[in-house]
Amino acid sequence: NAGVMQNPRHLVRRRGQEARLRCSPMKGHSHVYWYRQLPEEGLKFMVYLQKENIIDESGMPKERFSAEFPKEGPSILRIQQVVRGDSAAYFCASSHTGGGNEQYFGPGTRLTVT
Amino acid sequence: GESVGLHLPTLSVQEGDNSIINCAYSNSASDYFIWYKQESGKGPQFIIDIRSNMDKRQGQRVTVLLNKTVKHLSLQIAATQPGDSAVYFCAENKEAGGTSYGKLTFGQGTILTVHP
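Chain order of the listed sequences is A and B. Here this note's numbering is used: the first residue of the first sequence is 3, the next is one more, and so on. Here this note's numbering is used: the first residue of the second sequence is 239, the next is one more, and so on.
Each hint should be verified, as a subset may be incorrect.
Covered by chain A, according to a simulated footprint, are these stretches of chain B (three or more residues, beta-carbon under 8 Å) [claimed, not checked]: (1) 257-268; (2) 307-321.
Restricting the straight-line Cα-Cα distance to at most 30 Å, the calculated cross-link-like pairs of lysine-lysine (BS3-like) are [claimed, not checked]: (3) B/LYS309 with B/LYS294; (4) A/LYS29 with A/LYS73; (5) A/LYS46 with A/LYS73; (6) A/LYS53 with A/LYS29; (7) B/LYS280 with A/LYS53; (8) B/LYS280 with B/LYS332; (9) A/LYS46 with A/LYS29; (10) B/LYS280 with B/LYS294; (11) A/LYS73 with B/LYS280; (12) B/LYS309 with B/LYS332; (13) A/LYS53 with A/LYS73; (14) B/LYS294 with A/LYS64; (15) B/LYS306 with B/LYS294; (16) B/LYS332 with B/LYS306; (17) A/LYS46 with B/LYS309; (18) B/LYS332 with A/LYS73; (19) A/LYS46 with B/LYS280; (20) A/LYS64 with A/LYS53; (21) A/LYS29 with B/LYS332; (22) B/LYS332 with B/LYS294; (23) B/LYS332 with A/LYS46; (24) A/LYS46 with B/LYS306; (25) A/LYS29 with B/LYS280; (26) B/LYS306 with A/LYS73; (27) A/LYS46 with A/LYS64; (28) B/LYS306 with A/LYS64; (29) B/LYS332 with A/LYS53.
Taking beta-carbon pairs under 7 Å as the criterion, some of the chain B residues facing chain A (in silico) [what the hints assert, rightly or not]: (30) LEU303; (31) PHE327; (32) ASN331.
Keep in mind that the hints were calculated from the coordinates and are not lab data. Beta carbons: idealized from backbone N, C-alpha and C, even for Gly.
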């Protein structure tokens, strides 16, 4: 029974490039959440998606960031024209019911912008 | 603004001792308070939650206490083991159907180190 899968685990991008982070939720889960964690800090909510719908994107920066969760395939967090400040660990979580307290987190993608 | 924060950034205990990790919150409108554990290199793992109308909830070796008067949340771990060494985060959530439901707001975290 695989947990939440994220890939890649580590991603290095030069300034101005695009970063694509993928998340496959646990089997049977249709709710996905993305969080960002800076070093020595807690996780910051970015976006909550359900299949083909964005439920809450209040934590997403207004520019360069987008997220999707298509009917088929993984959820994608896309960062265009990356800057050094985007360097962080990005975690995806999923849940069976919507918005629950018990969210199952993946191992994260550590993005480094050089 | 809303915030969930921690009093102590680090806590060191001996194996077998009880641990108490504290958290202060400022958003009285939160419906749930939750504790997560994050081991090095891994994503957070749910430990226990408590509804805002409760004072205490117990799980396996863990107890969460909520004091709404002083807006304080604590996690007690009984007979702490080396495997409990991790960063512990408190978080808050809203009631289903309300705004911000599912948007967990995390505190800064406390590093727990258990010495054998």
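Okay, the hints, checked on the actual structure:
Requiring three or more residues with a Cβ within less than 8 Å of a Cβ of chain A, the coverage given for the region 257-268 of chain B is violated, as only 0 such residues are present. Closer than 8 Å: that is the beta-carbon criterion, and the region 307-321 of chain B has 0 residues meeting it against chain A, so the requirement of 3 is violated. Restraint check: the Cα-Cα separation between B/LYS309 and B/LYS294 comes to about 14 Å, which is no more than 30 Å; the hinted pair holds. This hinted pair checks out: A/LYS29 and A/LYS73 have alpha carbons roughly 14 Å apart, not beyond 30 Å.
Distance hint between A/LYS46 and A/LYS73 is fulfilled; the C-alpha atoms sit about 26 Å from each other, no more than 30 Å. Of the supplied pair hints, the one linking A/LYS53 and A/LYS29 holds, its CA atoms being roughly 13 Å apart against a limit of 30 Å. The suggested pairing of B/LYS280 with A/LYS53 holds, with an alpha-carbon distance near 25 Å, which does not exceed 30 Å. Under the criterion of a C-alpha separation no larger than 30 Å, the hint pairing B/LYS280 with B/LYS332 is consistent with the structure, at around 25 Å.
As the CA atoms of A/LYS46 and A/LYS29 are separated by approximately 25 Å, the hinted pair is consistent with the 30 Å bound. For the hint linking B/LYS280 to B/LYS294, the alpha-carbon distance of about 28 Å falls within 30 Å, and the restraint holds. Proposed proximity of A/LYS73 and B/LYS280 is supported: the alpha carbons are some 27 Å apart, at most 30 Å. For the hint pairing B/LYS309 with B/LYS332, the CA-to-CA distance comes to about 16 Å; that is within 30 Å, so the pair holds.
This hinted pair checks out: A/LYS53 and A/LYS73 have alpha carbons roughly 6 Å apart, not beyond 30 Å. At most 30 Å may separate the alpha-carbon atoms for a hinted pair to count; B/LYS294 and A/LYS64 exceed this at roughly 40 Å. Among the hinted pairs, B/LYS306 with B/LYS294 is consistent with the structure: their alpha-carbon atoms are about 11 Å apart, no more than 30 Å. A distance of roughly 16 Å separates the Cα atoms of B/LYS332 and B/LYS306; the hinted pair therefore holds under the 30 Å criterion.
A C-alpha spacing of about 21 Å is found between A/LYS46 and B/LYS309, which places the hinted pair at or below 30 Å, so the restraint holds. For the given pair, B/LYS332 sits about 27 Å from A/LYS73 by alpha-carbon distance, which is consistent with the 30 Å threshold. A threshold of 30 Å between alpha carbons decides the hint, and for A/LYS46 with B/LYS280 the separation of about 16 Å falls inside it, so the pair holds. A hinted pair counts as satisfied when its Cα atoms are at most 30 Å apart, and A/LYS64 with A/LYS53 qualifies at roughly 22 Å.
Distance check on the hinted pair: A/LYS29 and B/LYS332 sit about 25 Å apart at the alpha-carbon level, within 30 Å; holds. Between the alpha carbons of B/LYS332 and B/LYS294 the distance comes to roughly 18 Å, so the proposed pair stays at or under 30 Å and holds. Restraint check for B/LYS332 and A/LYS46: the C-alpha separation of about 16 Å stays at or below 30 Å, so the hint holds. Straight-line distance between C-alpha atoms of A/LYS46 and B/LYS306 comes to about 24 Å, which keeps the hinted pair within the 30 Å bound.
Of the pairs offered as hints, the one joining A/LYS29 and B/LYS280 holds, with about 19 Å between alpha carbons and a cut-off of 30 Å not exceeded. For a cut-off of 30 Å, the pair hint linking B/LYS306 to A/LYS73 is broken: about 42 Å separates their Cα positions. Taking the CA atoms of A/LYS46 and A/LYS64, the gap is about 15 Å. The hint holds against a cut of 30 Å. Between B/LYS306 and A/LYS64 the CA atoms are separated by roughly 35 Å; this puts the pair beyond 30 Å, and the hint is violated.
Between B/LYS332 and A/LYS53 the alpha-carbon distance is near 21 Å, which keeps this suggested pair within the 30 Å criterion. Given the 7 Å rule on beta carbons, the hint for B/LEU303 is violated: about 17 Å separates it from the nearest Cβ of chain A. This hint holds: B/PHE327 has a C-beta 5 Å from the nearest C-beta of chain A, less than the 7 Å allowed. Because the beta carbon of B/ASN331 sits about 5 Å from the nearest beta carbon in chain A, less than 7 Å, this interface hint is met.
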